[in-house]
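Given chain A, work out where chain B should sit, using these hints.
Protein chains in written order, with the numbering used here: chain A, 377 to 553; chain B, 4 to 159.
Calculated from the structure, these hints are not laboratory results. These numbers come from a predicted model, not from an experiment. The C-beta atom is built at its ideal place from N, Cα and C for all residues, glycine as well. Hints should not be assumed to be uniformly reliable.
What the hints assert, rightly or not - Partner residues are not named here, just some residues of chain A that face chain B (Cβ under 10 Å, in silico):
| # | residue |
| --- | --- |
| 1 | 469 |
| 2 | 473 |
| 3 | 506 |
| 4 | 509 |
| 5 | 510 |
| 6 | 534 |
Stated by the list, open to error - Straight-line alpha carbon distances no greater than 30 Å define the calculated DSS-like cross-link-like pairs of lysine-lysine that follow:
| # | chain 1 | residue 1 | chain 2 | residue 2 |
| --- | --- | --- | --- | --- |
| 7 | A | 503 | B | 16 |
| 8 | A | 476 | B | 149 |
| 9 | B | 128 | B | 70 |
| 10 | B | 146 | A | 510 |
| 11 | B | 149 | B | 81 |
| 12 | A | 470 | A | 547 |
| 13 | B | 146 | A | 470 |
| 14 | A | 510 | B | 68 |
| 15 | B | 158 | A | 486 |
| 16 | A | 503 | B | 149 |
| 17 | A | 510 | A | 476 |
| 18 | B | 81 | B | 49 |
| 19 | B | 16 | A | 470 |
| 20 | A | 503 | B | 128 |
| 21 | A | 538 | A | 486 |
| 22 | B | 128 | B | 158 |
| 23 | B | 158 | A | 510 |
| 24 | B | 146 | A | 503 |
| 25 | B | 146 | B | 68 |
| 26 | B | 16 | B | 70 |
| 27 | B | 42 | A | 470 |
| 28 | B | 149 | A | 510 |
| 29 | A | 476 | B | 158 |
| 30 | A | 503 | B | 70 |
| 31 | B | 128 | A | 470 |
| 32 | B | 14 | B | 68 |
| 33 | A | 470 | B | 158 |
| 34 | A | 476 | A | 547 |
To be verified - Just the calculated beta-carbon pair ranges, DEER-fashion:
| # | chain 1 | residue 1 | chain 2 | residue 2 | range |
| --- | --- | --- | --- | --- | --- |
| 35 | B | 68 | A | 503 | 20 to 28 Å |
| 36 | A | 445 | B | 94 | 52 to 60 Å |
| 37 | A | 443 | B | 28 | 48 to 56 Å |
| 38 | B | 68 | A | 523 | 37 to 45 Å |
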Amino acid sequence: MSSDPAHTPPPAHGSAPPPGLGPEAQVMVGNADLFVNWARKSSLWYLLFATACCGIELMQAGASRYDMDRFGAVFRATPRQADLMLVAGTITHKMAERVKRLYDQMPEPKYVIAMGSCANTGGPFYKDSYCVVKGVDLIIPVDVYIPGCPPRPEALIDGIMKLQKIIMKRKNYGAKA
Amino acid sequence: MEAQAIFDTLKGKFGDAVVELQSEGFSPAFVVVAPAAVKEVSRFLKEDPDLSFDVLMCLSGVDYKEKFAVAYHLHSLKHRHAIGLKVMLPRENPSLPTVDDVWPAANFQEREAFDLYGIVFEGSKDLRRILLPEDWEGHPLRKDYKYPDSYHGIKV
Chain A
377 MSSDPAHTPP
387 PAHGSAPPPG
397 LGPEAQVMVG
407 NADLFVNWAR
417 KSSLWYLLFA
427 TACCGIELMQ
437 AGASRYDMDR
447 FGAVFRATPR
457 QADLMLVAGT
467 ITHKMAERVK
477 RLYDQMPEPK
487 YVIAMGSCAN
497 TGGPFYKDSY
507 CVVKGVDLII
517 PVDVYIPGCP
527 PRPEALIDGI
537 MKLQKIIMKR
547 KNYGAKA
Chain B
4 MEAQAIFDTL
14 KGKFGDAVVE
24 LQSEGFSPAF
34 VVVAPAAVKE
44 VSRFLKEDPD
54 LSFDVLMCLS
64 GVDYKEKFAV
74 AYHLHSLKHR
84 HAIGLKVMLP
94 RENPSLPTVD
104 DVWPAANFQE
114 REAFDLYGIV
124 FEGSKDLRRI
134 LLPEDWEGHP
144 LRKDYKYPDS
154 YHGIKV
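So here's chain A without its partners, still in its complex pose:
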């Protein structure tokens, strides 16, 4: 029978769709990792969370002039719906336990960007401070560090694009190395 798919040569690109499907149907073949990673990097929802002046730059980066929504990054007010924690600001020892708890409440896969000098190393509070945590990587694992005090929104967007590159390299399926 001429309608048996086994005997029908595959249609060339741009030709008529397979029988039984409408003219808008297209078939995409690719590996699943690529597709899943692309979906994840294009919808990086970040936790609405800021502890110091870096938070002002974070708000600015999310607002209309810099518009992080272009990259699929929008804020979520709950860790349950967030993929990314942007640690924007100084973390004190009193705050550290709350940061850890928020991180633990986020679903996998989850990522952390340390934004600004305070979150990277303690920044201006590195020496002679009894209350500031000297880098948020003492509490939670960090994927991307953004220098600056505070970093400009361009730097933050650059950090998010770096994180997108990291996500695209992720292996979700197949044999584990």
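The following block gives chain B in isolation, referenced to the frame of chain A:
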């Protein structure tokens, strides 16, 4: 009213409880008061119609190494004048009466002085740490404070 006139008024009312006037290098000048009398002096400064210091602008702890002090900055919206009160305290067990029933705003600032200097305000309605975690050990703005190695497993 000028600082000297305020000092004379207080000296006439409270006698030896008002120790001295520190006007060199201070603006406003400081009236040094004995610790036990600080509440009565404060109430008089607030309620006397010629003084009527209705705003406690700032309450600070001070570490002079050999002793502690608590400094009060007062302002009168009615008369547009200002004065400082200062109370000297011993290094061991520094404590003095609270003024949070005279100026309710004193409560948070007394808690800060308690948190960072360990100065006890007797009779306070709520004397707890305000900035540091409740299980923090020591009072970090004291000049002889020793930093801990870690807090809850995180390096300090």
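Hint-by-hint comparison with the structure:
1. 469: Given a least distance of 5 Å, the restraint on residue 469(A) holds.
2. 473: At about 7 Å, which falls below the 10 Å cut-off, the nearest Cβ of chain B leaves the hint on residue 473(A) intact, so it holds.
3. 506: Holds, because the Cβ-Cβ distance from residue 506(A) to chain B comes to roughly 5 Å (cut-off 10 Å).
4. 509: Holds - the Cβ of residue 509(A) comes within 10 Å of chain B, reaching about 6 Å at its closest.
5. 510: holds (7 Å)
6. 534: violated (29 Å)
7. 503(A) with 16(B): Judged against 30 Å, a Cα distance of about 49 Å means the pair is violated.
8. 476(A) with 149(B): holds (27 Å)
9. 128(B) with 70(B): holds (26 Å)
10. 146(B) with 510(A): Cα-Cα ~22 Å, so holds.
11. 149(B) with 81(B): violated (45 Å)
12. 470(A) with 547(A): violated (36 Å)
13. 146(B) with 470(A): holds (22 Å)
14. 510(A) with 68(B): holds (29 Å)
15. 158(B) with 486(A): At roughly 25 Å apart (the allowed maximum being 30 Å), residue 486(A) and residue 158(B) satisfy the hint.
16. 503(A) with 149(B): This hinted pair holds, its Cα atoms lying about 14 Å apart.
17. 510(A) with 476(A): holds (15 Å)
18. 81(B) with 49(B): holds (11 Å)
19. 16(B) with 470(A): The given pair, whose Cα atoms are some 46 Å apart, is violated under the 30 Å limit.
20. 503(A) with 128(B): Not satisfied, since the Cα-Cα distance of roughly 36 Å exceeds 30 Å.
21. 538(A) with 486(A): OK: residue 538(A) and residue 486(A) at ~15 Å, within 30 Å.
22. 128(B) with 158(B): Outside the cut-off at roughly 35 Å; violated.
23. 158(B) with 510(A): holds (8 Å)
24. 146(B) with 503(A): holds (16 Å)
25. 146(B) with 68(B): OK: residue 146(B) and residue 68(B) at ~7 Å, within 30 Å.
26. 16(B) with 70(B): holds (27 Å)
27. 42(B) with 470(A): Judged against 30 Å, a Cα distance of about 34 Å means the pair is violated.
28. 149(B) with 510(A): Status holds; Cα separation ~18 Å.
29. 476(A) with 158(B): holds (15 Å)
30. 503(A) with 70(B): holds (27 Å)
31. 128(B) with 470(A): Since the Cα atoms of residue 128(B) and residue 470(A) sit roughly 24 Å apart, the hinted pair holds (cutoff 30 Å).
32. 14(B) with 68(B): holds (28 Å)
33. 470(A) with 158(B): Since the Cα atoms of residue 470(A) and residue 158(B) sit roughly 13 Å apart, the hinted pair holds (cutoff 30 Å).
34. 476(A) with 547(A): holds (26 Å)
35. 68(B) with 503(A): 20 to 28 Å: holds (22 Å)
36. 445(A) with 94(B): 52 to 60 Å: With a Cβ separation near 58 Å, residue 445(A) and residue 94(B) satisfy 52 to 60 Å, so the hint holds.
37. 443(A) with 28(B): 48 to 56 Å: For residue 443(A) and residue 28(B) the Cβ distance comes to about 54 Å; the hint holds.
38. 68(B) with 523(A): 37 to 45 Å: Cβ of residue 68(B) to Cβ of residue 523(A): about 39 Å, so the range 37 to 45 Å holds.
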